[in-house]
Amino acid sequence: MSTLTRILALAAFSLLAACTSPGGFSGYGGAGGAGGAGATGGMPAPGTVAYFNEMVGDRVHFAVDESALSEEAKSILIAQARWLNDNPEFNAIIEGHADEQGTREYNLALGDRRANAVRDFLIAQGVAPHRLRTVSYGKERPIAICSEEACYAQNRRAVTVLIAPGATS
Amino acid sequence: MNATAAMGAMKLAFLLVRSAPLALSLLAAAVPAALAQEARGPLRIEITEGVIEPLPFAAPVFVSETPGAETYARDITRVVVDDLTSTGLFRPIPESAFISRITSFDSPVQYADWKAINAQALITGSVAIAGDGRLVIRFRLHDVFAEAPLGEGLQFVAPPAIWRRIAHKVADAVYSRITGEAPYFDSRVVFVAESGPKDARIKRLAVMDQDGANLEFLTDGSALVIAPRFSPDGSRVLYTSYQTGFPQIYLLDLATGQRRALSNQPGTITFAPRFSPDGRTVVYSMSSGGNTDIYAMDIATGTIRRLTETPSIETAPSFSPDGRSIVFESDRSGTQQIYIMPAAGGEARRISFGKGRYGTPVWSPRGDLIAFTKQNEGRFHIGVMRTDGSEERLLTASFLDEGPTWSPNGRVIMFTRQTRGAAGAPALYTVDITGRNLRRVPIDTAASDPSWGPLRP
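Keeping their order, the protein sequence lines are chains A and B. Residue 169, in full-length UniProt numbering, is where the first sequence stops; the numbers in between run on with no holes. Residue 457, in full-length UniProt numbering, is where the second sequence stops; the numbers in between run on with no holes.
None of these hints come from the bench; they were simulated from the model. Since the model is a prediction, treat every value here as computed from it, not as a measurement. Hints are supplied without guarantee of correctness; some may be wrong.
[Unchecked claim] Straight line, CA to CA, 20 angstroms or less: simulated EDC-like cross-link-like pairs of lysine to aspartate or glutamate:
1) Lys115/B - Glu95/B
2) Lys198/B - Asp120/A
3) Lys115/B - Glu147/B
4) Lys355/B - Asp65/A
Please construct the entire structure, taking both the sequences and the accompanying hints into account.
Structure representation (structure tokens):
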């Protein structure tokens with residue numbers, strides 16, 4: 001989803017959110033909570049993991065060997081922080097990842113840097129530190145498997161993985 | 001000593017064996033790769049630019065002296081031949097070329113028949129099954145051109161189950177006698193066996209003989225594991241596991257199968273563990289709040305000491321064999337580079353200054369070289385440099401080579417090579433420290449992160 005589409009979708013859903021009771025999350029990948037939300041078919045309710053993952057955006061990407069947050073990443077994280085602040089019953093684990101162009105140990109450390117860059121930013125946006133843990137997978141868990149920049153760019157990421165209320169981390 | 005001339009010509013020569021006419025001398029860490037072979041007397045062949053003429057040898061199937069020993073005799077002979085051939089320093093003469101047969105271990109050898117097929121070395125042996133069921137293996141190395149055995153020959157007595165180890169011991173004795181190098185065939189490698197697609201890889205700790213035989217799994221694959229490291233005595237393994245969901249270092253006792261987490265400070269991850277030469281201390285990396293530094297832990301007491309304290313990434317620590325220094329990688333200069341510091345921490349000195357990035361340094365068992373992974377212009381290399389950073393040599397090049405580990409004699413490096421693309425998978429390779437003799441370790445599984453254990457007793 002491009003940033004523009006995401007912003008439009010967010011705008012649409014912030015309207016919907018007004019008439020939907022928060023907190024009624026239906027679990028991972030749950031959809032259709034908002035009920036009859038129009039053209040795209042089943043849409044997740046705002047307080048759901050699905051909403052966070054699909055509409056807010058659960059991940060940000062990084063430049064090669066960088067852990068600095070881009071402007072695009074910051075806008076996504078601002079939305080993540082807003083959602084987390086609106087849904088305080090959720091905690092999160094932030095996973096840092098690297099592409100395969102690097103040695104294993106260094107990439108673990110780099111993934112840790114990325115995860116913590118996200119965590120620090122979310123904390124600065126008001127999310128309570130105790131709600132956010134970090135983990136690094138280095139280059140162990142790519143989501144795109146080609147050996148081209150198109151895949152590497154997707155793999156250099158930090159993903160905010162929500163922990164459902166009541167679940168233990 | 002005849003080798004004086006050679007000694008003068010090359011620094012760093014490990015000069016060997018000159019009492020017997022058959023001698024092969026290996027020159028380690030010389031640039032360019034060099035190997036001098038001396039067949040007899042003053043004859044000396046020096047080969048440069050990484051080209052080497054392997055020493056032709058014959059190893060007729062060991063004589064089976066009791067019923068039931070035939071299979072062992074054949075298998076042991078095959079492993080001996082494979083071990084020696086795998087070094088790239090020896091070339092087996094095919095059995096079809098043999099003129100003589102060896103039908104009795106104690107009968108005189110017809111040296112002329114072996115000379116005629118240009119065998120410089122001849123290995124003869126016998127296998128018998130003793131009354132108690134154990135194997136009795138005898139063998140002897142002959143210098144064909146001198147028409148004499150080298151020494152008295154050796155005998156091993158062992159349970160049949162460990163016949164491969166005996167074969168490695170035989171090959172080690174031959175290798176050491178001819179090259180003057182310390183043995184290494186009877187050793188094991190702990191590594192990560194990989195299966196499944198690239199985006200959902202299953203990784204299991206595994207151990208095998210250095211030639212890929214006797215593969216055994218040590219974990220079941222339910223938790224992601226990386227980078228196991230053998231203890232100096234081969235009895236324990238350090239590794240990193242995601243068993244709790246977070247990477248933490250663990251200690252596994254191979255004899256009992258017992259494992260325990262060495263670190264579980266909340267909010268931290270630990271990885272890249274490695275033993276000190278006395279096996280009592282673990283150096284490792286711990287990341288906290290986005291910063292990775294190096295720590296040392298006393299295994300018995302759990303006492304932790306912080307060795308680096310910088311905002312950069314410090315990882316992949318490896319002790320010098322004397323235990324006094326630690327080589328590690330850091331990006332404090334802006335990119336990954338290699339540094340050496342005192343074992344107790346303190347001021348570090350950078351030793352890598354070439355183009356590109358340098359990581360995963362490992363100190364050689366001989367103490368003179370550091371093996372490393374280098375990334376430059378989109379390629380990965382395994383290389384070695386002296387401990388002051390001089391005489392850097394790249395031994396390999398590929399899409400992704402990383403994680404060198406030393407053979408116990410410091411002569412061979414094993415590492416991970418991963419192929420590119422969606423179907424890309426890692427495999428283990430070995431290369432001689434001269435850069436010659438690149439070989440894939442023959443195992444049936446994708447594999448990464450090898451750690452070479454000690455020579456077995």
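Comparing the hints with the structure gives:
Straight-line distance between C-alpha atoms of Lys115/B and Glu95/B comes to about 14 angstroms, which keeps the hinted pair within the 20 angstroms bound. Proposed proximity of Lys198/B and Asp120/A is contradicted: the alpha carbons are some 31 angstroms apart, above 20 angstroms. Under the criterion of a C-alpha separation no larger than 20 angstroms, the hint pairing Lys115/B with Glu147/B is consistent with the structure, at around 9 angstroms. In summary, the hint linking Lys355/B to Asp65/A is supported, as the alpha carbons are separated by about 17 angstroms, within the 20 angstroms threshold.
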